[in-house]
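2 protein chains.
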Amino acid sequence: MSDAGTPPATAVAVIGLGSMGLGMALSLRKAGFAVAGCDLAQPALERLAAAGGRACTTPAEAAEGAGAILTVVVNAAQTSDVLFGRDGAAAVAPAGAVVVSSATMSPGDAEALARRCEDAGLVYLDAPISGGAARAAQGELTVMASGSAAAFARAAAVLDAVAVKVHRLGDRAGVGASMKMVNQLLAGVHIAAACEAITLAGKLGLDLATVYEVITGSAGNSWMFENRVPHVLAGDYAPLSSVEIFVKDLGIVQDMARTERYPAPLAAAALQMYLAAAGAGMGRDDDSSLARVYARLSGVTLPGGA
Amino acid sequence: MSDAGTPPATAVAVIGLGSMGLGMALSLRKAGFAVAGCDLAQPALERLAAAGGRACTTPAEAAEGAGAILTVVVNAAQTSDVLFGRDGAAAVAPAGAVVVSSATMSPGDAEALARRCEDAGLVYLDAPISGGAARAAQGELTVMASGSAAAFARAAAVLDAVAVKVHRLGDRAGVGASMKMVNQLLAGVHIAAACEAITLAGKLGLDLATVYEVITGSAGNSWMFENRVPHVLAGDYAPLSSVEIFVKDLGIVQDMARTERYPAPLAAAALQMYLAAAGAGMGRDDDSSLARVYARLSGVTLPGGA
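Sequence lines, in order, name chains L and C.
If you're matching positions, the first sequence starts at 22 in the working numbering and goes up one per residue.
If you're matching positions, the second sequence starts at 22 in the working numbering and goes up one per residue.
Please keep in mind that the hints were generated in silico from the structure rather than gathered at the bench.
Don't take every hint at face value.
Said to hold, decoys possible - Heads up, incomplete: computed chain C residues facing chain L, CB under 7 Å, no partners named:
1. 204
2. 242
3. 243
4. 266
5. 283
No residue lacks a Cβ here, since even glycine has one placed at the ideal position from N, Cα and C.
Build out the structure end to end from the sequences listed, making use of the hints.
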């Protein structure tokens, strides 16, 4: 941390320019922020530069002079690394800058990161996000946030630019992370259930487009059934959200549940199916690939020949 | 079967006056049908009589002169019994009467019942229903139907009176049953997942009303989460739909899946939780009671002290 004084609220660093982070960075540019972005992938840096952003190769470079540092990486370990590792952002960030931490992680990890940021003179907002790549690009994410009043105040304009809805869930780190994990438990189970059901329908000889029409109008519907089953009907497993995301997120749910001595048999069964899909070579494919696993295990032919 | 000739389309027998069957019988009365109803429970018979229906003590008595016979009992075995057992409806039903079979059952059972009805000179409509007791009372059920053109034609006015939506799924019995089982797999898994998630939220110290607000607006939402979690928030487990219903329906899913050599780990895990709830003495309580099972297994206190 430098002693450069109060950071300008209009300069933001976005660490991690995957589909979510890049969308957030571009939304911030549209809203008039000076945006410095950091990623290992050159195409993402070029897209940011084309939108008038500053392309950086290290978190430290991006964090120089930034009033807010958004970490949009894979997990707690990567978040810790980009903040406190070699060329990390925390060492150079202006005093009092807010870290907006959006990676999915356990509440315990969020609390530990918050303490470390506070020790470094930064404020921390536990701010996991929901909504997917398309809504990230439109600045229409949902944020499940918790943290101090100071953290919310310093992040307010940034959150306005990237989100359509900010849930203020509490005054300490960990609450946002907990809420996100509850959502991910449901999302992960519902995708697996959707794939289990639509492939069983195939096994029973039902017309799958009719199944989609009937179920989306019935009590068996879920947000995920409605959103993911069209991928199966189209036979298109190009990744919008990958199998590996839920290997990770249901893994965190399982670790949390084990720590809490909480039995979670639905989440456990779903995780096994994501592991099977990843083990069968579909880890980078769309998470609706679980339908292909069920199909292989039962001799069903799905649309597209899967 | 008698030889009384073409049955009048305006006389209907409803066998089974539980929450669904009674609602259907009363909707038929409102639509001007002559309705004869049969049940073991005296209060249901009295409600039907008060609405101008004919209260009967045997299926045979109800089926006399009926152009349509609705079987709204628990499963395939009961359906077979009320049609072909002692004092069964089939022996006295007018030739060509349509059996509208609404119990949840496997497609194999539906096919077998259809054959037996046809052998007895009746036509059979595989017609499982969805929507719950409230919509049954309003004549606004969803019907997932399959059967011959003759069966649909003879049942048309009856279906109009009880349903807001009739899915015509095919020209043979079994397709409707298959669709219903796919829906029940999803519904059963989603209730269990909702209970697993909301009780985990309690374990993590989250405010449960806030969890409900956030999740119902997020990708983790399901029709069942939205519908059942309010029971948990209110601590009210009075049965709208009981645990035993899903012990039965996920049991059928498991039997079907085993027959088809189809692995269904999500449905299997969910069934274990319904069995645990029933085994713990909650079989007649609302299916949201699974939250109380999770709470007992993890030391969580839910609203209402459960």
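For each hint, the structure was consulted:
1. Below 7 Å, beta-carbon pairs count as interface contacts, and residue 204 of chain C has one with chain L at about 4 Å; its hint therefore holds.
2. At a threshold of 7 Å, the smallest CB-CB gap from residue 242 of chain C to chain L is about 5 Å, leaving the interface hint in force.
3. Evaluation of the residue 243 of chain C hint against chain L yields a held restraint, the C-beta minimum of about 4 Å falling below 7 Å.
4. Taking 7 Å as the C-beta cut-off, the interface hint given for residue 266 of chain C is violated, the closest approach to chain L being about 12 Å.
5. Checking residue 283 of chain C against chain L: minimum C-beta separation of about 5 Å stays under 7 Å; hint holds.
Violated hint for the displayed structure: number 4, the only one.
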